[in-house]
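*Asks:* Given chain S, put chain D in place with the hints provided.
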Amino acid sequence: MSDDLDARLLRSFATAEQPLAAEQFVAQVTARIAATRRLRLDVRSSYAVLGTIAGGLGTGIAALQRVWLLAIGAAAVTVWAAFL
Amino acid sequence: MTAGAPVLALGEVAEATVVALAMKGDAAAFSELVRRRQSALRNLLRRLSRDAALADDLAQQTFLKAWRALPQLRSVGAFGAWLRRLAVNTWLEHVRAAPPPAVALDEELVTVPGGAASADAQLDLDRALAQLAPQERLCVVLAYSEGMSHGEISRATALALGTVKSHVRRGSERLRALLGAYDSLQEHAHVG
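As given, the protein sequences belong to chains S and D, one line each in that order.
For the first sequence, the tail end lands on 90 under the working numbering, and the numbers increase by one without skipping.
For the second sequence, the tail end lands on 194 under the working numbering, and the numbers increase by one without skipping.
Next up, chain D with everything else stripped away, as it sits in the complex:
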C-alpha cells in the first residue's frame, strides 16, 4: 500500500488554483474566493455607499454576478481586478437607479452620537467622503483605498482619463479641507 499524496485544504491553496477550480463550477472553491475577497470588497463598497447594509447587499450581488460570469474570465490572474470592476459597476448601476441624497456637513456633525469629539478617524473619513459627488468619490476611493492608477481607474469606470485626473485632484482637495474642518471642530469640542 502506498502513502496517499497530502491533501491541501482549499484555504491553503494558491488563489490561481482556487479561481481555476471555481471557473469549472466548483462551489466550494468559489466560497473560498468569497471568504478571501469579501473584506476588501465590502470595505470598498462601504467607502462608496457609506451604508454598511447596502454595501453588503451590493457585495453579495457582485459575488453572484461573479459566480455566473466566472467561466468567461480570460485569465485566472485577472480575477482580483475583474471582481473589483464588477463591484464598481454594481455600485454605479445602483447610483444610476437611485442617486443618493447629498448630506450637509453641519447636519451630519450634529447627528453623530456623543458629538464631534467622539468621532474617530474612520467616521471622519466616511463623513468627508459622503460630501463628494458619486463619481468624484469613486475616483478618490479607487485611487487612495485600492491603490489604482488614473489609467486603471479610467479603464475600470469607463470615465475619460482627464475626467478621472480632475475628479481625483478636486476630490482630494475637498477631502483634505473637510478632514481639516473636522479636526478643528473636534479641537473646539475638546476645549469646550
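Chain S on its own, in the form it takes in the complex:
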C-alpha cells in the first residue's frame, strides 16, 4: 500500500473490524448452492422430458407422413388402374 492514508482513520477502521461467526452463514450459503443445483437439475430434467416428447412427436409425424405417402401412392395406383 503506497498511497498516503490518514493514521487516525486507519486506526478507526482497524478498531471497527470485528470477526463474525461463520457457522450460520456457511450453512445459509451451502443451502443456497444446494437449492441452485436442484433447480439446475430440475431444469435439465424438464429439458430431457421435453426433448423426449418432441422426439416422440417427430417420430409419430414422420410415420404419419409415410402413411400419407402410402395412401397417396395407393390412390395414384388405383386411379392409374381405373384408367388403364
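Derived from the structure by calculation, the hints contain no laboratory data.
In this text, a Cβ means the ideal position worked out from N, Cα and C, and glycines have one as well.
One or more of the hints may lead you astray.
What the hints assert, rightly or not - Coverage of chain D stretches by chain S, computed from C-beta distances (three or more under 8 Å per stretch; other residues unrestricted):
#1 34-43
#2 55-66
#3 144-154
#4 169-181
Said to hold, decoys possible - With a Cα cut of at most 20 Å, we get these calculated DMTMM-like pairs of lysine to aspartate or glutamate:
#5 D/K167 to S/D10
#6 D/K67 to D/D28
#7 D/K167 to S/D12
*Replies:* For chain D alone, kept in the frame of chain S given last:
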C-alpha cells in the same frame, strides 16, 4: 500392512489447495473457503451498505457467483482479490438498482439508542461512512479497510485512477471532519 498417509482436515490445508479443489467442483472445499473468507467479506459489505442483513445477503450472492464462476478463475493465488472484486461488483449492482437514501447527520444522531454518548467507535465510523456518496464510500473503504492501493481500487471498480484518488482524498477529509464532530458531540453529552 502399511501405515496410511495422514489425512489432513480441509481446515488445515493451505488455501491454494482448497481453491484448487473447489475449482474442480468440490462442494466441501468451497464451504471451507466460505468459512475462511466470510468474515472479511461481510465486514467489507457492512461498511459499504451499512445494513447487516443486506450485507449478509449480498455476501451470500457473492459466494453463489463465486461458486458458479470458480472454474474460470485463472490462478488459485488470485482467489482473494477475485472474490473481493465480485463483492464490490455485487454491491455496485445493488446500488445501481436501488440507490440508498442519504441520511442527515443530526437525524442519525438522535436515533441512536441511549444518545450520542453511548455510541462506540464502530457506530461512529459506520454513521460517518453513511454520509459519503456510494462511490466515495467504496473508494475510502477499499483503501482503509482492505488496504488497497489507488491503482488496485481503480482496477477493481473500473473507476478512473484520478477519480479514485479524488474520492479517497475528499472522502478521507469528510470522514475526519465527521468523526471529529461525533467526538465533540459525545464530549458535550458527557458534560451535559
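*Asks:* Does each hint fit the structure? Answer for all of them.
*Replies:* For each hint, the structure was consulted:
1. 34-43: Since three or more residues must qualify, the claim that chain S covers the segment 34-43 of chain D holds, with 4 doing so at under 8 Å.
2. 55-66: This one holds; 5 residues, not fewer than the three required, reach chain S with a Cβ under 8 Å.
3. 144-154: holds (count 7)
4. 169-181: holds (count 5)
5. D/K167 to S/D10: At roughly 10 Å apart (the allowed maximum being 20 Å), S/D10 and D/K167 satisfy the hint.
6. D/K67 to D/D28: This hinted pair holds, its Cα atoms lying about 15 Å apart.
7. D/K167 to S/D12: Holds, because 14 Å separates the two Cα atoms, which is no more than 20 Å.
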